[in-house]
Amino acid sequence: MSGSLLTNELALLDGLRAGDEAVFAALVGRYGGAMLRVAQLYVRSRAIAEEVVQDAWIGVLNGSARFEGRSSLKTWIFRIVTNRAKTRALKEGRSVPFSDLGPDEPSVEPERFRGPEDRYPGHWTMHPSSWAGVPEERLLASETLALVENAIAELPSAQAIVITMRDVEGFDAAEVCDALEISESNQRVLLHRARSKVRRALEEYLDAA
Amino acid sequence: MQPEPELTCAELVELVTDYLEGRLPDRERRRFDEHLTECDGCTAYVQQMRSTIDVTGHVPAPELPPALEDRLLDAFRGWRSHG
Numbered sequence: 001m002s003g004s005l006l007t008n009e010l011a012l013l014d015g016l017r018a019g020d021e022a023v024f025a026a027l028v029g030r031y032g033g034a035m036l037r038v039a040q041l042y043v044r045s046r047a048i049a050e051e052v053v054q055d056a057w058i059g060v061l062n063g064s065a066r067f068e069g070r071s072s073l074k075t076w077i078f079r080i081v082t083n084r085a086k087t088r089a090l091k092e093g094r095s096v097p098f099s100d101l102g103p104d105e106p107s108v109e110p111e112r113f114r115g116p117e118d119r120y121p122g123h124w125t126m127h128p129s130s131w132a133g134v135p136e137e138r139l140l141a142s143e144t145l146a147l148v149e150n151a152i153a154e155l156p157s158a159q160a161i162v163i164t165m166r167d168v169e170g171f172d173a174a175e176v177c178d179a180l181e182i183s184e185s186n187q188r189v190l191l192h193r194a195r196s197k198v199r200r201a202l203e204e205y206l207d208a209a
Numbered sequence: 001m002q003p004e005p006e007l008t009c010a011e012l013v014e015l016v017t018d019y020l021e022g023r024l025p026d027r028e029r030r031r032f033d034e035h036l037t038e039c040d041g042c043t044a045y046v047q048q049m050r051s052t053i054d055v056t057g058h059v060p061a062p063e064l065p066p067a068l069e070d071r072l073l074d075a076f077r078g079w080r081s082h083g
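In order, the protein sequence lines correspond to chains A and R.
Under our numbering, the first sequence has 152 at position 152, and the numbering climbs by one with no breaks.
Under our numbering, the second sequence has 35 at position 35, and the numbering climbs by one with no breaks.
Think of the hints as simulated: they come from the structure by calculation, not from any bench.
Note that CB positions come from ideal geometry on N, CA and C, so glycine has one too.
There may be inaccurate statements among the hints.
[To be verified] Calculated cross-link-like contacts (lysine to any residue; reagent style SDA-like; alpha-carbon spacing at most 25 Å):
#1 A:K74 to R:H35
#2 A:K74 to R:A61
#3 A:K74 to R:E34
#4 A:K74 to R:A67
[Claimed, not checked] Derived CB-CB ranges, DEER-like:
#5 A:D20 to R:D40: 53 to 63 Å
#6 A:R70 to R:E28: 28 to 38 Å
#7 A:S130 to R:D70: 42 to 52 Å
#8 R:T43 to A:E21: 50 to 60 Å
One chain only, chain R, in its complex shape:
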């Protein structure tokens, strides 16, 4: 049997979301993990991607404009009196 061709770094960066989402087939996942054990660059890249997800999760929700909040409360009262 031919040995699996080694994953290149350029290929790995395109698989990183499938990897983090747990959607890589077992064989691909093994190639990915094997590459990581030998490549500091890709290890840093995957960590950067994890940090990116973490930072994105901290983006605060925008404030609701008070005028819209008032309109929503009016709509609620209207709904309650007709419902």
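Isolated chain A (complex conformation):
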């Protein structure tokens, strides 16, 4: 969707510029919760995250006349909230260094692979289980989703923000790099580390059943 506005978004943008409260309320309903979640990954305090979201919406309103639709409305709104959150986090003395990719840990525990003395070094000692037989109701149960949410909350901030933007909110790599002002390769490393840890948390949970 990047590069062109959806017709629906154009109508929303017109409504916003015209001061249509129902349109504003609809946009807040659609993106507000997700904005709060992202803001909270930067500032970690709920109260400050709420201020960031409010500040971001003022920015959206003030900028709506100048917005040219080079990105989707959603991308533009999230760029504003991530910028405000970044500024606020700096002020609170807790910046999110996206250049700090986190520790270079193996994605999978090394003991799950055969050692150098083995006939097949670096191969699985025991294969990961197939999740093909896990019923969708279980994969998408609120308990499983809460577990994923917790696993994300425990990640270093930069990793948590990238996986939230990419996999929870569904932005593509270019949109995330643009909103967060990070390089494509850093984005990918952060995403890899984040996804690998969430997979591990899911595996522990699903295999324990």
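Start from chain A and add chain R according to the hints.
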């Protein structure tokens, strides 16, 4: 020409995001695919990773607290009357 050394499972799990993102150079991608055709463990691993992405995409957005929603509407009305 030397044959390509075979990719190990331990190496593959570090390339899985580059693979899913379509960022592996052609030669690496071929090694990855060849490994998958012969390794049930890594096939399961890549599927687990795809499932992880899918499940993550279903995490619901948090509710906006009603008090914040009210503050936002107030801010909107203020903006409209001054704009």
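Status of each hint after checking the structure:
1. Restraint check: the Cα-Cα separation between K74 (chain A) and H35 (chain R) comes to about 39 Å, which exceeds 25 Å; the hinted pair is violated.
2. Among the hinted pairs, K74 (chain A) with A61 (chain R) is consistent with the structure: their alpha-carbon atoms are about 14 Å apart, no more than 25 Å.
3. Straight-line distance between C-alpha atoms of K74 (chain A) and E34 (chain R) comes to about 39 Å, which puts the hinted pair past the 25 Å bound.
4. Restraint check for K74 (chain A) and A67 (chain R): the C-alpha separation of about 23 Å stays at or below 25 Å, so the hint holds.
5. Checked against the given bound of 53 to 63 Å, the beta carbons of D20 (chain A) and D40 (chain R), roughly 56 Å apart, stay inside it.
6. For the pair R70 (chain A) and E28 (chain R), the supplied restraint of 28 to 38 Å holds, since their beta-carbon distance comes to about 34 Å.
7. Range check, S130 (chain A) to D70 (chain R): Cβ separation about 49 Å, and the 42 to 52 Å hint holds.
8. Checking the proposed 50 to 60 Å range against T43 (chain R) and E21 (chain A) shows it holds: the Cβ atoms sit about 53 Å from each other.
Checked against the numbered hints above, the structure violates hints 1 and 3; every other hint is satisfied.
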